[in-house]
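J.: The primary structure of each chain is shown beneath.
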Amino acid sequence: MTAENKDEILIAEDDEPISKLISYKLQKENLETSVVTEGDRVIPELKNGDYEALIMELMLPVLDGISILNRIKKQDLEIPVLILSAKSQEKDIIKALNQGADEYITKPFRPDELMLRLKRLLGD
Amino acid sequence: MLSYIYYTAAGVILLILLVVFLIVFYHLKNRKNERMINSRREKWEKILFQYLADEISLEKAAAGMNSDYIYLYQFLKPYIKNLKGDNFEQLKELTAANGMNDYFLNRLQTADRSGKIRAAVFLGKMEVGAAVEQLRENLNSEDKNLQTVSIQALADIGEQQLFFEVLKVMLKKSTFTFEALTEISIRFGEDICPKIKEFLEKEKRDKRIEAVFEVPEFQILSLFFDIFGYYRYLPGLESMLQYLDPQSSEEVLIHIFKALVKMEYPIEQDLTEFLTSENWVIRSQAARYLAVTGDSKYLDQLYELITDSNWWVSYYSALAVFEIGRGEILKEIVENDRAGKEMSRYVLAQNNI
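If you read the protein sequences in the order shown, they are chains A and B. With this note's numbering applied, the first sequence covers 61 to 184. With this note's numbering applied, the second sequence covers 24 to 376.
Bound-form chain A, shown alone:
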C-alpha cells in the first residue's frame, strides 16, 4: 500500500500509449500505478515495491514474459499476474497460465474488461 493507502499495480508494457491508457483507467479506480518498459526491470521492481498485482505484456524487450513468470514462481514472489498480450494463440495462453499467470487477456482488448478481471484478482 502507498501512503494514501491505495493499492499499487505494476504495469509491464513497452507500448507507451497503452500503458498510459491503462494507468489512466486504474487511477480513476483509485489505484496507484508504476510502469516498466523492459522485462528485466520487472523482478527487481516487484522486490523493491509493494505491489498488489502485475499487469504484463508477454513480448517485452530484454526479458520475455514467460521467463518472468518462471522467475516469479521460482523466487516465490506471491503476486497475482494478469497477462495482457498481443499473443492470442491457444498454446501461448495455456503456456502462460501453466507458468503461473492468473488471468489472460488478448489484444485488442477492452479496458473495462481488464478492470473487471483485475478487481477480481484483487478480491474486490
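Calculated from the structure, these hints are not laboratory results. There may be inaccurate statements among the hints.
What the hints assert, rightly or not - Just some of the chain B residues that point at chain A, by a computed CB distance under 8 Å: (1) GLU68; (2) PHE72; (3) ALA76; (4) LYS104; (5) ASN105; (6) ASP109; (7) PHE111.
Ideal Cβ positions, reconstructed from N, Cα and C, are used throughout, including at glycine.
Fit chain B to the given chain A structure using the hints.
T.: Leaving out everything else, chain B in the frame of chain A:
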C-alpha cells in the same frame, strides 16, 4: 594570385557558414515542430482518455481533435490497433465526427501514391464503408502496393459482397502466399462462410471452380476448408466432407483434416483408408483428428501406427490411443516392453503419467 586565393577562401568560408546556418535553422525548425506535435499529442491524449471513459461527449472530443489529421492518425494508431468492442466503436464515431474519415476519403482519390496508400490503410482499419467503391477500383491498379492495401482494407471493412471478386484478384494479380491469402480471407469475417458453402453446393453440380478462379481446384478448396476450420463452421461440414474421398487431391485431404481437428466434431465417414495413406501427412492428420474425437472404432489401427516410421504419425497415433484408452493401453505397452514403448512413454510423460 594572392587575391584569387583570398576570394576562394572567403567563398569556402561563406559556403561553410551557409551550411552551418542551414543545419541550425532546420534543427531549430524541427525542434519547434516536434515541440508543437508533442504538445498536441498531450492535448489529444487527455481528450481521448476522457472520451473513452465517457467523461466528455463525442462532440467535445471531436472539436478538440479536428486538425493535423496525418499526425492525429499517427497518434491514434496504437489505440486503433489495441482497442476493441465499445471502445473501438467510440474511436470509429470519433473519426467520423472530427472530419478524419472525410479527409482520408478525399486523399484516397486525390493524394499522391503514398498518400493514397496511407488513406486506404486508415479507411480499412476504421471500417469506413464509404471507401468501398474507390478501394474496389484500386483492385485494378497497376501499383501493386496500392492494390495490396486496398485488398486488405476491403477485408478489414468486411465487405463480404466483394469476397469472391477480391479473392480472384488475390489469386491472379498479387503475390500473396497461401498463408497470407487465408489470413486476409479470414479478415472478411465469419459471414463469408455461408457464401463459400453456397458456392461449394453449386460447384457440386457445375464443376466450374477452375474456370471461375483460374487456378488449380486444390488451391481454392484448401483455402475454403482452412476458413471453415478457423471459424469452426459446422454448417459447412457436409459441403467439405464431399471431398473427403481417397481420390481427392492430397493437399485438399490434409486441409480437410486440419479443419476437422479445429471443429472437434465427430463424423461418420470411414477413415480407414486415410490412416493407411502413403502420404504421411494424411496419416498423421487423420490420427490427429482421432486424438481429438477419441473414436474407439480405429483403436487397433492406431495401435499399429504407434510404430509408424514417421515421428508425427507415431505421435498422433499414440496420442489418439491415449485419448481413447485413458493411458492404460500405453502403460501396458511400456510395462510389457512392446514395440512403440518410447513414443508411449513420451505421450504418458506429456500427460504427467
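J.: Taking the hints in turn, state whether each one holds.
T.: For each hint, the structure was consulted:
no. : hint   : result
1   : GLU68  : holds (7 Å)
2   : PHE72  : holds (5 Å)
3   : ALA76  : holds (6 Å)
4   : LYS104 : holds (7 Å)
5   : ASN105 : holds (5 Å)
6   : ASP109 : holds (7 Å)
7   : PHE111 : holds (7 Å)
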